[in-house]
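Model the placement of chain B on the given structure of chain A, informed by the hints.
In case you want the letters, here they are:
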Amino acid sequence: MTQTEIRRSRSALSRVESRQALGFVSPALLGLAIFTAVPVVLSIVMSLYNWPAFGERSFNGFGNYVNLFTKNPDFWPALRNSAVFTILYVPANIAVSLGLALALSSRIKGRAAFRVLFFIPVVTPVVANALVWKMLLQPKGLINGVSVSVFGVELPNFLADPTWAMIMIVVMSVWQGMGYNMLIFSAALEQLPDSVMEAARIDGAKGWRMLARIKIPLISPSIFFAVIMTMISAMQVFAQPQLLTGGGPGNSTLPLVMFIYQQGFKFQDLGLAAAGAWILFVIIILITAVQFGAQKKLVHYEH
Amino acid sequence: MKFKKTMAVSATAALALSLAACGSDDKGGNEGTGSGSGEKAQITWDMWAGSDDDIAALEATLKIAQEENPDIDIKLQHAPWNDYFTKLTANLSSGKAACVTSMNGQRLSGYADAFMELTPEDMATAGIKESDFTAGSLDIMSSGGKVLGIPYDVATMMVFYNKDQIEKTGAPAPKLGWTKADMEATLAKAGDDKMKAFGMGMAEFQWLALPISVSGVQPVTADGKLDLTNPAFVDAATWYGSFVEKGWADQAPSASETGWGESEYQAGNAALAVDGTWNAVSYLNNESGFKAGMVDLPAGDSGKNLGLVLGSGYGIAKNCENKEAALKVLGSLVGKAAQDSMASSGRSYPARVESQPLYFEALDASVRDEVKGAFDAAFANVAGQNTNAEWTKISETFPNNLVSVYTGATSMADMLKATQDQFAK
Chain A
1 MTQTEIRRSR
11 SALSRVESRQ
21 ALGFVSPALL
31 GLAIFTAVPV
41 VLSIVMSLYN
51 WPAFGERSFN
61 GFGNYVNLFT
71 KNPDFWPALR
81 NSAVFTILYV
91 PANIAVSLGL
101 ALALSSRIKG
111 RAAFRVLFFI
121 PVVTPVVANA
131 LVWKMLLQPK
141 GLINGVSVSV
151 FGVELPNFLA
161 DPTWAMIMIV
171 VMSVWQGMGY
181 NMLIFSAALE
191 QLPDSVMEAA
201 RIDGAKGWRM
211 LARIKIPLIS
221 PSIFFAVIMT
231 MISAMQVFAQ
241 PQLLTGGGPG
251 NSTLPLVMFI
261 YQQGFKFQDL
271 GLAAAGAWIL
281 FVIIILITAV
291 QFGAQKKLVH
301 YEH
Chain B
304 MKFKKTMAVS
314 ATAALALSLA
324 ACGSDDKGGN
334 EGTGSGSGEK
344 AQITWDMWAG
354 SDDDIAALEA
364 TLKIAQEENP
374 DIDIKLQHAP
384 WNDYFTKLTA
394 NLSSGKAACV
404 TSMNGQRLSG
414 YADAFMELTP
424 EDMATAGIKE
434 SDFTAGSLDI
444 MSSGGKVLGI
454 PYDVATMMVF
464 YNKDQIEKTG
474 APAPKLGWTK
484 ADMEATLAKA
494 GDDKMKAFGM
504 GMAEFQWLAL
514 PISVSGVQPV
524 TADGKLDLTN
534 PAFVDAATWY
544 GSFVEKGWAD
554 QAPSASETGW
564 GESEYQAGNA
574 ALAVDGTWNA
584 VSYLNNESGF
594 KAGMVDLPAG
604 DSGKNLGLVL
614 GSGYGIAKNC
624 ENKEAALKVL
634 GSLVGKAAQD
644 SMASSGRSYP
654 ARVESQPLYF
664 EALDASVRDE
674 VKGAFDAAFA
684 NVAGQNTNAE
694 WTKISETFPN
704 NLVSVYTGAT
714 SMADMLKATQ
724 DQFAK
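Those protein sequences? They're chains A and B, same order as listed. Counted the way the working numbering counts, the first sequence spans residues 1 to 303. Counted the way the working numbering counts, the second sequence spans residues 304 to 728.
In short, the hints are calculated from the structure, not lab data. Be careful, since some hints might not be right.
To be verified - Which bits of chain B does chain A cover? Going by a derived footprint, with three or more residues having C-beta under 8 Å, they are:
#1 351-358
#2 366-376
#3 706-719
Stated by the list, open to error - So the derived list for chain B, only partly shown, Cβ under 7 Å to chain A, looks like this:
#4 392
#5 395
#6 396
#7 409
#8 412
#9 416
#10 417
#11 558
#12 559
Said to hold, decoys possible - Beta-carbon label-pair distances, calculated as ranges:
#13 A:131 <-> B:491: 51 to 59 Å
#14 B:373 <-> A:25: 49 to 57 Å
#15 B:376 <-> A:25: 38 to 46 Å
#16 B:648 <-> A:156: 57 to 65 Å
#17 B:448 <-> A:229: 51 to 59 Å
#18 B:604 <-> A:232: 52 to 60 Å
Glycine included, C-beta positions come from ideal geometry on N, C-alpha and C.
Same shape as in the complex, but just chain A (with noise of 0.2 Å):
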């Protein structure tokens, strides 16, 4: 067989091949369109209609985009409490669930105890965490209870004031996501090079020049990953305000996510809730895009 020939023969078995590759990942391609590339063009489309749940459609062009900047009047807010909403929690889920690894990094006693612990939250479901949230905040709830009692002071009506709703929200997502975040610093604490460790110490590093200079920069990736993840669960929040607030009192815990939602499930106007969605969409780009740009900077890879 000459070199010719075998190499003709190779190319018609890869041909082969590749049509039974196609056969084999056809399913998943179809099930890629239908579940998310119709989706998907069909929610671009319908940004730009009238489109009630039933009846009429009518092309409207940029109609429901200009509606939701110059004339909603829960568009803003619900923009300006998603925005508020990410500034408070990020650092804060950031912090606490680096601080928990961190505690929990040294080798003390019970610790995969503490893991766990931490980690109920996030796996257990949100209403059910939410239910126990209430019960604590409500005026008649044990935190006031025990500040009356003990204290003799009467605590605000955490979820019925518009500023200390908005931080009851965010202290109680804290308590809920911080416990994924630790995991994820937990094992980039625990993979750090024991040589590099060694050598910081020998050098007289410790205490928080060790964890400025040496700890943080090293698990930077995971850092990274970490505020890029939880970012975008912070612009798309809303079981948490749902459940606990109902987006009041007024509209200031409403995020941009239960605005969607009520504009398409609760009055109907599909349109206008795919118009809020694609804004969201590309905010959450937009910041992801900052964050990627900052990364070269800010971020360190061990290579």
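Leaving out everything else, chain B in the frame of chain A:
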């Protein structure tokens, strides 16, 4: 080659199977076909049902309708209340709503486009006479001046009270035909350390009932204009909101507590609350173990009270292809036999007048006369609710804004004015 063929066949089969799975189970849809000779017409009836008891009751009604229409094959499909409207919206958006679709009167305005208008000829086909139903009850299933369905039950708001607490505190007991001043006298004395006098309403009717009754004014005028700043209504709403300030009621803990006042009453934390007649039986048998009483809404300065007639009913979806068969089924579902069955089970207060006495017969003899008296009084002065296209949105904003009123962060008058400014066009 053989391998390739096998693979292609199995891939096609898998695809076909998955597509078939997606496409099946849409019987609820565009049925109503089969009206041709020899073939039985198929009509689907879509209704909400939460528990096994609910489903059993629906099946009993289905049996009655089926017996009355042997030439029509009636299918029942149901979903729990919370899912029902989501499913209905999804069905409507794909043109697959069931021919006979159940609808709650308060939600009808949002779904008005989904239903056929029922003309006097349609009513005749269904065997329905307007005079058989509670006066004004056809308004429940009407929107924009068009009758879009027939009610199967009627309801209105009442004041429920805890008899044990009233007795304990010595507060004047609420009585039929009472007034705003009588209610104030009761509220001033009905609370103590353990129980507040009143549970503040958050949901649409639970909070609006007293301001409407006392002022005699609805927040939307008969021609659909938003009238939240009507001075009489503002005064009455301000009076209602002042219950918290006067210490008669607790603030609601959050805007998501839309059933706040009623749940406080049910739990034995409030002596009085406003709720619908639909909960009368569950309050009489409450788990907290207190004796429940009920009276009509208090009258304002005019000396007359005003209630809204509420309820649910059945309509015919616009996409239904066999209207005549659907009308016959509709006629049976609100017919005497079906209504008698519903009333005697104590599940709902029927819209058909001649079936109403059976509802009271199902109650315990010790409370029967009292409940009947309260129902008669509550339904004596009722009107259909005026709404407009924006009303769903407006009523959705109330709980969020009421929280701020109850905590004192804003006044009732300011809240009503802000809502009026936002939605009035």
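The hints, checked one at a time:
{"no.": "1", "hint": "351-358", "in the structure": "violated (count 0)"}
{"no.": "2", "hint": "366-376", "in the structure": "violated (count 0)"}
{"no.": "3", "hint": "706-719", "in the structure": "holds (count 5)"}
{"no.": "4", "hint": "392", "in the structure": "holds (5 Å)"}
{"no.": "5", "hint": "395", "in the structure": "holds (4 Å)"}
{"no.": "6", "hint": "396", "in the structure": "holds (5 Å)"}
{"no.": "7", "hint": "409", "in the structure": "violated (14 Å)"}
{"no.": "8", "hint": "412", "in the structure": "violated (11 Å)"}
{"no.": "9", "hint": "416", "in the structure": "holds (4 Å)"}
{"no.": "10", "hint": "417", "in the structure": "holds (6 Å)"}
{"no.": "11", "hint": "558", "in the structure": "holds (3 Å)"}
{"no.": "12", "hint": "559", "in the structure": "holds (3 Å)"}
{"no.": "13", "hint": "A:131 <-> B:491: 51 to 59 Å", "in the structure": "violated (34 Å)"}
{"no.": "14", "hint": "B:373 <-> A:25: 49 to 57 Å", "in the structure": "holds (54 Å)"}
{"no.": "15", "hint": "B:376 <-> A:25: 38 to 46 Å", "in the structure": "holds (45 Å)"}
{"no.": "16", "hint": "B:648 <-> A:156: 57 to 65 Å", "in the structure": "violated (47 Å)"}
{"no.": "17", "hint": "B:448 <-> A:229: 51 to 59 Å", "in the structure": "holds (54 Å)"}
{"no.": "18", "hint": "B:604 <-> A:232: 52 to 60 Å", "in the structure": "holds (57 Å)"}
Checked against the numbered hints given earlier, the structure breaks hints 1, 2, 7, 8, 13, 16 and satisfies all the rest.
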